[in-house]
Amino acid sequence: MSERNPPTGTTVPSEPGAQRPRAIQLVQALRQELRKAVIGQGAVVDGVLTALVAGGHVLLEGVPGLGKTLLVRALARCFDGEFARIQFTPDLMPSDLTGHAVYDVKSERFKLRRGPVFTHLLLADEINRAPAKTQAALLEVMQERQVTLEGRALPVPQPFMVLATQNPIEQEGTYPLPEAELDRFMLMLRMDYPEQDDERELVRQVTRSASADMLEVTPLRNLLQPQDVAMLQQAASDLPVDDQVLDYAVRLVRATRDWPGLTLGAGPRASIALIRCARARALLRGGDFVVPDDVKGGALAVLRHRVRLAPELEIEGRSVDQTLLQLLDQLPAPRL
Amino acid sequence: MRLSDASLAIRPRPPWEACDLGVLLARRHAGVLMASWAALTLPLYGLLTLVLWDQPSLAFLLFWWLKPLYERLPLFILSRALFGEVPGVRQSLRALPGELKAQLLPSLLWRRFSPVRSFALPVQQLEKLSGQARRERLALLLQRDGAPASWLTIVGMHLEMALWLGLLGLLYLMLPAQVELAWSWQDLLGLTSDWLWIEHLSNLLYVLVLIVWEPVYVACGFSLYLNRRTQLEAWDIELSFRRLRDRLAAALPILLASLCLLLPGPGGTGLLQAAESEPPFATESAAAPAFSRAQARERIGELLQQPPFQNRETVTRWRLESAAEDEHDGSGLLERLGRLHRLWQSLDGVALALEVLLWTGLLLSVGWLLWRYRAWLQAFGLRRRAQAPAAGRPPAQLFGLELAPESLPADPAAEAARLWDSDPRAALGLLYRGMLSELLRQRRVVLRASDTEGEVLRRLEQLREPDLQAFAGRLTTLWQNLAYGHRAPPTALREPLCSEWTRLFGRGVQA
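In order, the protein sequence lines correspond to chains A and B.
Numbering that gives the first Met the number 0 applies: residue 0 is where the first sequence begins, and numbers increase by one.
Numbering that gives the first Met the number 0 applies: residue 0 is where the second sequence begins, and numbers increase by one.
These are computed hints drawn from the structure, not numbers from a lab.
Positions of the beta carbon are idealized from the N, C-alpha and C atoms, including for glycine.
Hints should not be assumed to be uniformly reliable.
Stated by the list, open to error - Stretch-level coverage of chain A by chain B, calculated; a stretch enters the list once three of its residues show a Cβ under 8 angstroms from a Cβ in chain B: (1) 257-267; (2) 289-297; (3) 322-332.
All chains should be built: construct the whole structure from the sequences, respecting the hints.
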């Protein structure tokens, strides 16, 4: 497992926005590469990149076979950092994630064995298959970027990002994520079936590749160093946000709390995530500042796992997305 | 029978009080009554049980059927006790065969189910009447006390049942659970012969209940009988006369002597003799010897035909029962109807008020419901209307901007060009507002308050006007740069932008 220290020598630009052109260029290139590997899921690729730039974690939801794991592997391939993958199973223990102390017979001492969370990119595959206690082992590392082992707080390498996947249709033998855990994911992305043209292209590429039914990710270029990610995040957080836009984001989140049709609204963490997500989206767009479109575009992914639908609407067969879209439809956008 | 020797106060009583007296009587002599009853019935029951061991129900039935037989015994004791000579148990039992002689068979056969059994018993046992005489006597006695006597029997039946069931319940409560379990098992298997003792035991309980209750029943019937006879034969009056005579017997010689002194002559003594020897009821019949029996009957018949015994009248038409006195005011009915009508009219006002009240309540509650669920209605009820294309007047205000044409200057482009250098924000805002206003007014684009600048641009794509689209894109970028990025627009763009605006929306030409 990883024994390396977190990157220390990230260059902090002296003037805000000085590195912005390079950041935009880099992120565009990254997007190009990822879209090469993951065909027909442009919105999800953008979402994952947004989370990477904003320094948040992503929960990917989709039926099996849409390339959730492929997307993460491609991201890991483009990124010259460490990548670990954990398949969540019902018998997975918290110490399987965070690590534990083992007795070394030769030195006659306990040695700390670090778990797979000590990495840059962590893929938690099928996260809802593990019981709540194992899911809870991720709480500390996701929020505070550190793991407490044997009473010692060990920082995980920076940048650190968790990409979790879950399957929405299976209910048997799964454990729904608790609200505290869900709230730690900045974005929840839904993957849908690709368009017909995209699917045709996808089938063509997969059947051409050597391995049986997997897309090759080896030809992807290695674009990103860990320091570059820090630079991207810095560039994003330097983007100016007008008060009107900030107000719009806060209004949006506050509206979920007393919106009829939602029994549980989003907390302040959602407002923070919304603004950070809007900054990252602005960077991805290549803009120099955040506009209301950035907020509105990211609102669904930020909010959909943080609210709970009223039982009446659930019985009526309405989804969270429909209700949130309606909210977005009725909340006045900012103007000057 | 010497009434003056009776051990109870003889006076006419209501039937229920008479029954109460019976209970008191039974209580006073409870010892001998119950002991003799038990001495008679228990051996008899034992005998029946032994003979009919295999048929407990039959034994029970026989015992129950023979009840009139045992009842002779308490009545014998009570009739003796009434005059102070209470017989002992042995004496009563010895006297029983003699008491049984009188009409035992009818008592056990067709009179067994008579509802007035205990009331009728003294007639045949004490008066020893039979046949026609008994029937007439009973008819006379039952004229008034028939109902209480029947009720006495019915209540007695229920009391018997209640006591017996209570004892049975107690018995079953006392049965150990294992015994009961074994019993129900064997009952299920049909081995009931082992459990006959339980049935005999329950029969015995009935016998025990009778020991308590039957003497009371007989005593109540007897006291009812005594009461009826007191009323019929005026025993109480007879008793008071006798008491009077006893008191006067001592003073009579003196009284006679003084009377002789005051009233000499034979008539006075004759009167006195008459007064002493004859009861007061006999004087009337003696004083009116003029009527023969047939004449008397005739006179009585005539009297009975007159009021107040009979009120005869002939009615030949229908009439209301109380109309006789109302006949004079036929208008009274009309008046009453009129009053009713007026009352009805006054109620009309109340009904109207009530109606108004109800409608107001309904409207208020509907209003309250609308207000209470206004959030839901805005969210879900008005959604469909919002989706329909806004065909009417375009909104005057959108996104917090004044969009009504009146709020804009006559030529926004010229005004913007003038302001460009001094206040670029106002200039660009004017152009953007003008564009949105014209889009709403001329192009009938559907814009909503929630649309962001990007969404407005996307809506413009549907118009398929490349010029307009390009211009709107440029203007929006400039506007966003200024509004959110705080970057002033380049001066070089002023002329082309303003002229393009005028060309596209054509306001400046007219101005």
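Quick rundown of the hints versus the structure:
| no. | hint | result |
| --- | --- | --- |
| 1 | 257-267 | holds (count 4) |
| 2 | 289-297 | holds (count 5) |
| 3 | 322-332 | holds (count 7) |
Hint compliance for this structure: no hint is broken.
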